[in-house]
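Participant: Protein chains in written order, with our numbering: chain A, 69 to 392; chain B, 2 to 283; chain C, 3 to 538.
One or more hints might be untrue.
In silico lysine to aspartate or glutamate, DMTMM-like type, Cα no more than 20 Å apart, as pairs [claimed, not checked]:
#, chain 1, residue 1, chain 2, residue 2
1, C, K410, A, E350
2, C, K375, B, D45
3, A, K203, B, D45
4, C, K223, C, D126
5, C, K476, C, E488
6, C, K158, C, D126
7, C, K375, C, D363
8, A, K199, B, E168
Since the hints were derived computationally from the structure, they do not count as laboratory data.
Nothing here was measured: the structure is a model prediction, and the numbers come from that model.
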Amino acid sequence: MSSYLHRRAATYLLVLAVALSLNFLLPRAIPGNPLEDLSSGLGNLPIQLDCETLEALQSYYGLDRPLLEQFRSYLRGVAIGDLGYSISYRAPVSHLLMDRFPWTLLLTLGSLFLSFSVAVLLGSRSARKPKGEWKVLLPAVLFESVPPFVLGSLLLILLGVKFPLFPLSGAYSGFSESTGLGTVLDVAHHAALPMLVLSTSSFFPAYLVVKSSVLMVKDEPYVLMAEIKGLPEKTIRYRYVLRTALLPVVTFLGLRLAYSAGGAILVEVLFAYPGVGRLIYEAVLSHDYALLQGAFLAFTLWVVLINFVTDCLYASLDPRVKEV
Amino acid sequence: MHTWKHMTVSLWQQSAGRFGLCGILVLTGLALTSLIWSPYPPADISGPALAPPDFRHPLGTNGLGQDILSQVLSGCRISLLVAVTVSLGSVSMGFLVGSAAGYHPRRLGVVLMRSVDVLMAIPRLPLIILLAVFLRPHLFNIIAVLIFLSWPGVARTIRSQVLSLREQDSIRFVRFSGGGFPYVLRQHLIRELFPLLLAKSAMAASYAIVAEAGLSFLGLGDPTLKSWGLMIRGALDYPGLLWSSAWTWWLLPPSVMVSLAVFSFTLTGYGLDEALRREESD
Amino acid sequence: MKRRLIVATLLLSLLLCGCIGCEGTSSNAESKPIGNGGREIHLPGGDWGLPTPFTFYPRGPGYIHLSLVYDTLVWKDEKDTIPWLAKRWECGPGALQWTFHLRPGVRWQDGKPLTADDVSFTFDYLRRHPVEWFSLEAIASVEAWDDHTVIFHLRKPYAPFLSQVAGNVPIIPEHIWKDVSDPRSTSSLNRLVGSGPYRLIQYDKAQGAYAYTANPDFFLKPPRIGKILFVPTGDPVAALERGLVDQAAIPASLLARFSRRRDFSVLSGPSFWVLTLRFNCVRYPFSQRTVRQALACAIDREALIRHAVPGGLQGARPGSPGFLPPDSNWFDPKIQHMYPYDSSRAESVLRSAGIEDRNGDHVFEGPEGTAMKLTLITTPEYLREAETLQLMLGKIGFELQPKAMDIKSLDALVREGRFDLALTGHGGLGADPSAIPGFGADKRSLHFGAPTDPAYLALTEQLMASSDPSQRMKLCRKMQHLYADELPTLPLYYPVRFSAHRPQVLDGWFYTAEGGVGIGIPLSYNKLVFIRGNPP
């Protein structure tokens, strides 16, 4: 592994350390007892925590032990995958995350696939014919400007309420007896609107990257050589230009993949989609700190992992990086 | 390209920049007028609940009976405030840190850039949510958090620019003749990087508006200020709103406004980018 | 060519998603439904936990799901407490002993008989693995006298035993749970064996979907509704309109819309929730009782409801200064009109307390000249009420400044006593009055503003201990009078709950007597509705 990758790995380990410390320090830094916070609050049917439950929770959080020891046990827990117990869901945090993660993955991958495919098509076309570009640019920037939850709510009203074409929430219909293709279509039906909304926010940057990358490659001498040789236009376009231009796009895709999971939070909340983003929102609502921190850690881990994989890919594909 | 006049002129020359600039001017105008005059104080209950638009309430009223037009204006003020403060704060901080890192690439630069890398690797929205839960939801806290999360991106770009600028003859002469970092910063770097900083400000501003609206939508924003995100949240929370026609005058105006605001800033940023690129290729 | 490529891309991406997604569905379906006979009903879902006593969520309808699978010793219908697992019961001498005689022939859903050993095991197990929903501190020991008799020995007289314990704690089978060391880690359906009218056959945590099938050997009779499906919905009103569910709660603002339609019936019931105006009794001017009482006369509660609550007087009932709502069995009607709206009376009472307009600026001042300029803190959802109060109190010279903030900050301010007036609300008013937060001897009553007068506290203790119903009623009435006299908070209104349902699927919905299901959940999901089916 080159020194470049070593440095990147060190950075990512530092990131994880920061995230873990944040997770640990934040609830202990605010004034007041976090347990008190759980049971207090002027609101609905209040359930009082009696002495025994309070003591059990107290010893679970280990609030009476010295800070360093608490940190050590926290780290030990994370290392073996114990992210704590969710008070509001009555289940271990890691189980909840595992359950919900595939749905977020579905939305993220699907929307990225959608936006990048369209971006590649339109971006390469704009690079070839820059005249009519504003026809693509204007709606692209417009859609990117509309915040995802705004676009989502408008689509929800139009396509969910006024003309009930799409379901209003969920990832699939409960208790459907269909199997196989029926289930696939059902899931696709439920995922269509959220995926559409998510893809609009990543389309424009992808389009820009594709366009600039294709523009750069177009002026390379070997492309000119191919044109002189008289190769058919389609071959030049796809084999010479697009294949080379896609390298920075792929790395950009990796970056977007890393960060789009966080971006899915708003969409999942709006469409009540059972992913990790919605989980973090519910954790906020119910002051479920263990779940909140677990979800945050999961996001950070995901980002670090994808970033590192992208870096490795980049290093192996681009020889210039190895020398730095 | 290094003076305000030069910038505005070249920006105006392209359609993207033109639209963006117009949009920002309109918004600023609305925000400023709202400071002086507004049909009603935005938190005032001035009419019946969910009243359709009429002469007294040009955009109708919401579920509490508050005038929507006044709230939209107040939201304009808040969004612009957030946009300006966050972009100013993050760009200044990013500029200082990035220049310092680029100018002293050996030790200080390494330390600074490593921290920038770390900050950039932490996912933004989950971190904002985490912080928002533990801090009180005042506007000040939100602005501080947004600045804290936006400056690393600026710093990274500035640093790479400063690294190459550092080797320019004019700068090398200054260094040779004993000019210190503050001097170089004031006299040379600011002027050279000014257009880039402006482009970054525009993008930071548009992100700030989206982020603040998103936070209010999640219920983590300041509940006392009538921002657009809060209005959208209020509309979507009102039971059965989607079945009455009230969503057209309660949900649509803040949605349209927030989109327009982001659109204007993004276009301006894009226009500045294009102008920069054109200048470099000349 | 380009267009075909785009279309192909879109289709491919959708199919891809579907494939990833169906993995998620198949991992959640636990078992196929047993049989398909009988009627089926669809209700709004939501994740409220796996319905065992250790994994259900202690909020909202969590307990409702638990009640479908498990039974308690006694239950409630629309009128009264009725025998359930116990066919009769007695309260022993000094209210320190309760004896329950179990119904013979009750079986668990796996066929084994339910005996008194299961009951004593339940309470023993709950002591070892406490759940905050069940407060068992008053119980010293539980004894299985014979196969069908259980005796509870209490530590001290505990009057609400029937509603808080016997009608609340679900009985769990000893043969299933006796070897379970960590009940909270339960996640499979195999342990879900109860004696109740329904079996859970499917639970999707991520989406909040439940499927129950009727237990044909249920001790009362086989339930008429054969299958209950809680389907995940976004907006319950949307789901109701689109036919995805057959019953849902509706907001008061849509009441007219649903009552007009012939295919829907509308039901209303008390929410046992109150919005109160909280006085800071430690700070001037509200440290003086007469000032608080004067303000009560200055606030026209009916006008407040008409102005601020969607649905007007249909959406909420005016508050009673004795705290308990009119829907409560313990309500004393004489108190309702203790402070009729009378601004001149308010002004004269204030004058006798030394508060009047001394300098002609339309704002009253106290005897030392302190102006009555006060802050009213609230959460943003009650701003309309706050503004209305501002108007009303402004008329009698109190200048109010409403301030909205988030619930945590409001809570902190109230706890630290740094406020003048606060608008807060809470539920749980359907419980036994000795356990109502803000009224009874509940640990958190002080937090909700219950009176601190020692005479009042003595009454709450007596209410908790006494078991003679007529004596309890007298004590409760006295408490309400004391409350109305002290007025630490002024209850403003009690919201009304509405729900709409399709009568051809299931009619006969009702709101449970004495405060709601179990310890006071004000929902209409009493299992009797599903057992009885449609009325003849």
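Participant: None of the hints should be skipped; say for each whether it holds.
Facilitator: Status of the hints after comparison with the structure:
1. K410/C - E350/A: The hint holds at about 17 Å.
2. K375/C - D45/B: Holds, at roughly 19 Å.
3. K203/A - D45/B: violated (44 Å)
4. K223/C - D126/C: violated (30 Å)
5. K476/C - E488/C: It holds: about 18 Å lies between the C-alpha atoms, which stays within 20 Å.
6. K158/C - D126/C: holds (18 Å)
7. K375/C - D363/C: holds (12 Å)
8. K199/A - E168/B: violated (38 Å)
The structure shown violates the earlier hints numbered 3, 4 and 8.
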